[in-house]
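K.L.:
Sequence:
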Amino acid sequence: MDEGFFLLFATVSVATALTMVLARNPVHSALALMACFLNISAIFVLLEAPLLAVIQIFVYVGAIMVLFVFVIMMIDVREAVLQRFLPGSNLPALVLLVLLGVEMLVLVLWSDRFSVMEPVAMSGGDDVRQLGTALFAEYLLPFETASVILLAALVGAIMLARKEQG
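In this text, residue positions in the sequence shown follow the numbering used here: the first is 3, and each later residue adds one.
Keep in mind that a hint or two might mislead.
Distance ranges between label pairs, derived from CB positions [stated by the list, open to error]:
| hint | residue 1 | residue 2 | range |
| --- | --- | --- | --- |
| 1 | Ala-65 | Met-161 | 19 to 27 Å |
| 2 | Val-150 | Arg-26 | 16 to 24 Å |
| 3 | Ala-136 | Leu-24 | 18 to 26 Å |
| 4 | Ala-95 | Arg-131 | 42 to 50 Å |
| 5 | Val-16 | Glu-50 | 31 to 39 Å |
| 6 | Gly-6 | Glu-146 | 39 to 47 Å |
| 7 | Val-108 | Gly-158 | 43 to 51 Å |
| 8 | Val-97 | Val-16 | 16 to 24 Å |
Because the hints were derived from the structure by calculation, they are not lab data.
Note that CB positions come from ideal geometry on N, CA and C, so glycine has one too.
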């Protein structure tokens with residue numbers, strides 16, 4: 003059952019990563035990247051690493067995606083949709099993509115690292131509790147300062163991206 007979910011999340015994450023790269027609209031690319039990050043977080047949950055899953059969501063989906071949204075707000079999306087990253091024929095890039103994909107598949111199939119192994123037993127939730135206590139007790143001021151700075155950056159980006167009325 004776990005293998006089925008792993009294959010499902012891995013397939014969806016690869017599909018969303020391809021969607022992110024191939025989408026012409028930057029907003030669609032950002033949404034596909036967010037979906038890819040969420041699927042990777044689900045894979046961490048399957049691997050019994052809930053701390054990494056939460057960090058994946060907080061850091062990548064929360065912080066990095068906010069930065070991408072800032073960039074999207076700063077550019078003119080209608081103009082960016084009309085421009086292409088690779089002008090002309092994309093055949094050399096497609097050939098390189100296929101060659102790298104075949105190479106990766108061959109390396110994975112020939113490797114002995116992906117044999118069936120038993121999961122390593124983890125030591126309860128003490129590590130997570132200690133991290134949470136340290137973050138919200140000893141480092142509360144830097145944590146809250148970072149959140150205020152991100153909020154100020156969000157308001158600043160909205161004000162800069164706003165069109166002048168007149």
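K.L.:
So, for every hint listed, does it hold in this structure?
P.N.:
Evaluated hints:
The given range of 19 to 27 Å is respected by Ala-65 and Met-161, whose C-beta atoms sit roughly 20 Å from each other. For the hinted restraint 16 to 24 Å between Val-150 and Arg-26, the CB-CB distance of approximately 36 Å leaves it violated. One distance hint, 18 to 26 Å for the beta-carbon pair Ala-136 and Leu-24, is violated here, with the actual separation near 42 Å. Restraint check, Ala-95 to Arg-131: a C-beta distance of roughly 48 Å satisfies the suggested window 42 to 50 Å.
Between Val-16 and Glu-50 the beta carbons are some 22 Å apart, a value that contradicts the proposed interval 31 to 39 Å. Look at Gly-6 against Glu-146: about 42 Å separates their beta carbons, and that is inside 39 to 47 Å. The beta-carbon spacing between Val-108 and Gly-158, approximately 48 Å, falls within the hinted interval of 43 to 51 Å. At about 19 Å, the beta-carbon gap between Val-97 and Val-16 stays in the expected band of 16 to 24 Å.
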